Each structure stands twice: as structure tokens, then as C-alpha cells.
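Visitor: Start from the sequences, fold in the hints, and give me the full structure.
If you want the building blocks of each chain, they are given just below.
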Amino acid sequence: MAVDRAPADALPRHRAPAAEAPLPSALRIGMSRVVPELKMFYRRPEQVALTFSMPAVICVLLGSIFTAKLPNSDTSTGAVIAASMLAYGILSTSFINLGISIAADRDTGGLRRLRGTPTTATSYFVGKIVLVAVVSLAEAVILLTVGVVIFHLHLPSDLGEWFTLAWVFVLGTTSCALLGIFISNYASNAVSAAVITNGPSVALQFVSGTYVPLVVLPAWMLTIGSIFPIKWMAQGFRSVLLPPEMVIFEPAGSWEHWRIFLVLAAWTVGGLIGCLAVFRWSDRT
Amino acid sequence: MAHADGRSAVRVRGLSKSYRRTSAVRNLDLDVDYGEIFAILGPNGAGKSTTIEILEGNRKRDAGEVSVLGEDPGTAGRSWRAKVGIVLQEASDAGMLTVVETVRMFTNCYGTSRVPSEVLELVGLGGVAGKRVRTLSGGQRRRLDVALGIVGMPDLLFLDEPTTGFDPEARRQFWELIRLLAADGTTIVLTTHYLEEAAALADRVAVIVGGQVVAVDSPTRLTEHVDAAATVRWVDADGVHVERTDRPTELVRERSHPGGELAELTITRPTLEDAYLRLIGQV
Numbered sequence: 001m002a003v004d005r006a007p008a009d010a011l012p013r014h015r016a017p018a019a020e021a022p023l024p025s026a027l028r029i030g031m032s033r034v035v036p037e038l039k040m041f042y043r044r045p046e047q048v049a050l051t052f053s054m055p056a057v058i059c060v061l062l063g064s065i066f067t068a069k070l071p072n073s074d075t076s077t078g079a080v081i082a083a084s085m086l087a088y089g090i091l092s093t094s095f096i097n098l099g100i101s102i103a104a105d106r107d108t109g110g111l112r113r114l115r116g117t118p119t120t121a122t123s124y125f126v127g128k129i130v131l132v133a134v135v136s137l138a139e140a141v142i143l144l145t146v147g148v149v150i151f152h153l154h155l156p157s158d159l160g161e162w163f164t165l166a167w168v169f170v171l172g173t174t175s176c177a178l179l180g181i182f183i184s185n186y187a188s189n190a191v192s193a194a195v196i197t198n199g200p201s202v203a204l205q206f207v208s209g210t211y212v213p214l215v216v217l218p219a220w221m222l223t224i225g226s227i228f229p230i231k232w233m234a235q236g237f238r239s240v241l242l243p244p245e246m247v248i249f250e251p252a253g254s255w256e257h258w259r260i261f262l263v264l265a266a267w268t269v270g271g272l273i274g275c276l277a278v279f280r281w282s283d284r285t
Numbered sequence: 001m002a003h004a005d006g007r008s009a010v011r012v013r014g015l016s017k018s019y020r021r022t023s024a025v026r027n028l029d030l031d032v033d034y035g036e037i038f039a040i041l042g043p044n045g046a047g048k049s050t051t052i053e054i055l056e057g058n059r060k061r062d063a064g065e066v067s068v069l070g071e072d073p074g075t076a077g078r079s080w081r082a083k084v085g086i087v088l089q090e091a092s093d094a095g096m097l098t099v100v101e102t103v104r105m106f107t108n109c110y111g112t113s114r115v116p117s118e119v120l121e122l123v124g125l126g127g128v129a130g131k132r133v134r135t136l137s138g139g140q141r142r143r144l145d146v147a148l149g150i151v152g153m154p155d156l157l158f159l160d161e162p163t164t165g166f167d168p169e170a171r172r173q174f175w176e177l178i179r180l181l182a183a184d185g186t187t188i189v190l191t192t193h194y195l196e197e198a199a200a201l202a203d204r205v206a207v208i209v210g211g212q213v214v215a216v217d218s219p220t221r222l223t224e225h226v227d228a229a230a231t232v233r234w235v236d237a238d239g240v241h242v243e244r245t246d247r248p249t250e251l252v253r254e255r256s257h258p259g260g261e262l263a264e265l266t267i268t269r270p271t272l273e274d275a276y277l278r279l280i281g282q283v
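Keeping their order, the protein sequence lines are chains A and B.
Numbering of the first sequence is given in the numbering used here, commencing with residue 1 and proceeding in unit increments.
Numbering of the second sequence is given in the numbering used here, commencing with residue 1 and proceeding in unit increments.
Keep in mind the hints are simulated off the structure, nothing from the lab.
Predicted model, so just to flag it, every value in this text is computed and none were measured.
Hints are not guaranteed to be accurate.
To list a few chain B residues with every Cβ distance to chain A over 12 Å, as calculated [said to hold, decoys possible]:
#1 S23
#2 R78
#3 G139
#4 V209
#5 L262
Coverage of chain A stretches by chain B, computed from C-beta distances (three or more under 8 Å per stretch; other residues unrestricted) [to be verified]:
#6 33-44
#7 57-65
#8 216-224
We put the CB at the ideal spot given by N, CA and C, even for glycine.
Guide: See below:
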């Protein structure tokens, strides 16, 4: 049983403290995580297929059902849905994707392992945020292509419209990503995260104008939809992808850019506060 | 062997932790010297993992003083984490990355780190560097866990039940790796419920039962915590004789005759296993 071992004090074991290089900054560690995060994403083909194809497929299906032109216009209901569907695409790549991947990192022990290194929460999220930005951008390109080719959407024609598209995209992605991080705290694993992110998402599609045009919704649904960011993102995208005269089909009768900005900004700030308040590295206390 | 400043690598006084109404660790004291391989040995549910997780900074404590490398792990910052390596009991992350990609991702967290290819050679994963992590065997996965624990060249390495589920050959290889790290000056604290692991590796062993330390000593001296009397056994025409004595040589001399042999003579002393079983039965 006993094994021959030299007594501890016979060996000059403790190293002299070597000159240590300074720790890399949180941002630098975060940026070094971007490529591995992207690899972990695209090496799951089923996840990639689901994330990218779901909004596009739903867009094509709904758009093909609602082909009638809206009264006194040259635009079909399908085109309105296609423009709005960009909001669902972003929700899918930010809120759902992030909610699931963070819950999985916590469940597999990946987060706890990171916690044992000089990696900070900021570094971890920098990696996730860049991942979401890249994937969301790819999603936007796919959905815009579908919209332009099949539903004859017009890409923005001037710099102002591109600017609107850009800030709605950035604020929408950011707020949804933060909400995804927030909700991941309430999931114990990837499966439960898929349920608690997809469930509310599907319900919100119906009241936010991405599955059904807002004009046909009862007032109470419109009220509920107006609380959450998707409705406002979709409205922002419609404002630059549809002909200007389509504004008459908005419940407010205007594109309400300021209100879109305020609601998305409020969700971004609220989401950030929520994340900082509840984020945890593991389920252990 | 104390550090130059006279303090221990790990110093714990009066540590307590409960989960709801169940007490996991009760008033536990522990000292680990710099450069030591220290094993926390105990049956399942004894509080080993709770203790090491508190030392790692991965769990909050209810009461007590804890100092690891001179800092409180509950509040220590990034520079402390750079000096401490942690091998968790279970983790299944990064399955889609290759082995070397995973190691490289972790080297980027540190200012000073080992070269990925070297650390993989060190843990014996050089041959599978390009394989996806999820395709590794259990033993290889564990070696990767160790690789990730030591990429930052820690002064102190925590290993929580590192060889659970290993076959004997894999376990021996793993012990060699730990000895190699210790020889390099790394202080090692590991939990195990394998007695032979503690005996083979550790300079000192703390036996934990019911959340309390019941004995701390070198593996050879742990046996002295129990009755050291030898047991002499032999067989003659009257049947089997078993006698316990402090003076086995004298006993054998008295019972033997010139030219005669005592049939099936054995003299045994309590093994570490006897000591351990006695210790964990005490509480």
C-alpha cells in the first residue's frame, strides 16, 4: 500500500516566482473567444439550419398564403410580412440562440470552468455578443434576399433609410441579446432554455405583426405586442423596406421612429440591468 | 515546508457549510503547505467536494476563515485565479472544438501560459490534438480537464475526484502526471474516495467523514491512528490459532520447535485500509 516517496521537504519543490506577464484585458480575452464561439455555433449543423431556415421558411409560407394586395396599394400582405419577419430572424439569432447557448454553457460546466480562470463575465459576453452580431447579420442578409427576390421588397434607397435600418438592427439585436442572457438564468439546461425562449417568441410573433399584419389584430393584442421589442423592430424594418405610402396601414398612422428608438433603448437598458443583477456562473451556491 | 513568508498555501479554520438543513461541512480546519500533494480522502457525501469548491472560490461558505495563496477565494480577483488551477469534478463543455482549439482558447486567458502543443504532450494527448472533444474517451477527457487546469502554470492545482471511472492503467498514468507537476513545484490539493490513490500520491492525507476532519497525516503514519498490534496466525493439530501481540517475534519463537515449521504462518499489521475503515467508522 505504501509507496516509496521522498519526503516532501527533500525536494526543492516550490518554484521561485517567475516574472509574470500581465493579464490580458477583459476585452482582449473576449475577442480571443470570438472564433471558438463561431466554431461551436457552425459545427452544429442542425442548430445552424434551424436558426437560419425557420424565419425564412415561415416567411415564404406565410407570404405565399397572403398574396392579395392591400386595398389601394401595390403591396401584398406577404411583402408586409416579409419586411416584418426580419424582426423574428433577429429574435431567433439573438434572444433564442443566446438563451440556449448560455444555459448550455452553464449546464455543461463550461461557465464554471471559465470562472476558474482570469476570464471575467465581460470577456465571456464580448465573445457572445460578437457571435450574435455575426450570426444576426447573416440572418438579415438571408431574409433580405428572400424578401427582395420573392416579395419584391425595396432595399433602402438613400443613406437616411440605411441609417434607420442600421440602428433598428443594432438596438433590436442588443436588446434581444440582453433579454436572452437574462432569461438563460431561468433555464437549468439547453432543453429547458429552448422551451422558455421559443414559447414566448412564438406567442409574440402573433401579436407583433410578424405572422399577421397589425391592422387585423384586436386592440388588446396590439397593446400586448406594443410592450415588447419585436413589434417595434418589425415596424422599423417596414418603414425602410416598404413603399412610403404603406404607412397608412400602421395602427398609429406613422412609422413612429422616435417611439421605436425609445422602446428599444428602454429594453436595452432594462435588459442590461437585469443581466447584471441576476447573472450567475453556475447553479451552485 | 512553509513558504518564505511562513504561511501555508491553504489555511482553513472553522469552515462550515449547510445546504438547507443538511450540514455538509462542520467546523473544518485544514492546512496545506507549499509544494505538497495533499489528498482529501473520504467516502461519498463526506463533504470533500463542498470543501474543495469553497477553496476554489466556486461555492460560498456559511462560516469560517479560508485563505488560499494568501487570499480569500470568496473575494479574490483575476490575478488570484491566474495562480490557481482548477480541475472540476465534471464538465462536458466545448464538445464541438478540437482538443488543441480548446487548449488554445484557454491559454488566451492568461498572461503567462504553457504552449498548447507542450501541455498536450505533458498530459499525453499529443496524438489526439486534432480530434473533436466530444469524441474523446472518458480518460482522455479527464486529461484534457487537467491540461486546461495547468495551461496557466498555476502555483496551486485543485483536482476534484480526478480519476473516478478510470481503469487501473489509466489511473497509474494519471498519477505519474500529477507527480510530474508536483516535481515542478506545483502545490496539489485533490479529493478522492480511492484509498490507494491517496496512498500512492499524497504527502499528507486528510480523512473527512461527516463534514469533519478525523485525521491528517502521511499515508504511512495514518495507520498509527489505530491499534498497531500485529496479528499472528498459524495452524497446528489443534486447529487455527490467531493471536494479537505487540511482540510477534517473541511469540513465534516461543511457539516454534527446532526443525519444526508453524503451518500457514502469517504475521500481519494493520494496513492503511484498516486504519481508514476504522477512522470512517468512528463518526
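Visitor: A separate judgement is required for each hint: does it hold in the structure or not?
Guide: Do the hints match the structure? See the list:
No Cβ of chain A approaches the Cβ of S23(B) within 12 Å, the least distance being about 15 Å, so the stated non-interface status holds. In this structure R78(B) is not separated from chain A by more than 12 Å, as the shortest Cβ-Cβ distance comes to only about 4 Å. Even its closest Cβ contact with chain A, about 18 Å, leaves G139(B) beyond 12 Å, as expected for a residue assigned away from the interface. For V209(B), the non-interface assignment is confirmed: its Cβ lies about 20 Å from the closest Cβ of chain A, beyond the 12 Å cut-off.
Remark: the non-interface label on L262(B) is consistent with the geometry, its nearest Cβ contact in chain A lying 26 Å away (cut-off 12 Å). As drawn, the stretch 33-44 of chain A meets chain B at 6 residues by the rule of a beta-carbon pair under 8 Å; at three or more, the given contact holds. Judged by the Cβ-Cβ criterion of 8 Å, the stretch 57-65 of chain A is not covered by chain B as claimed, because only 0 of its residues qualify and three are needed. Proximity of the stretch 216-224 of chain A to chain B, defined as three or more residues with a beta carbon under 8 Å from a beta carbon of that chain, is not established by the 0 residues found.
Checked against the numbered hints above, the structure breaks hints 2, 7, 8 and satisfies the rest.
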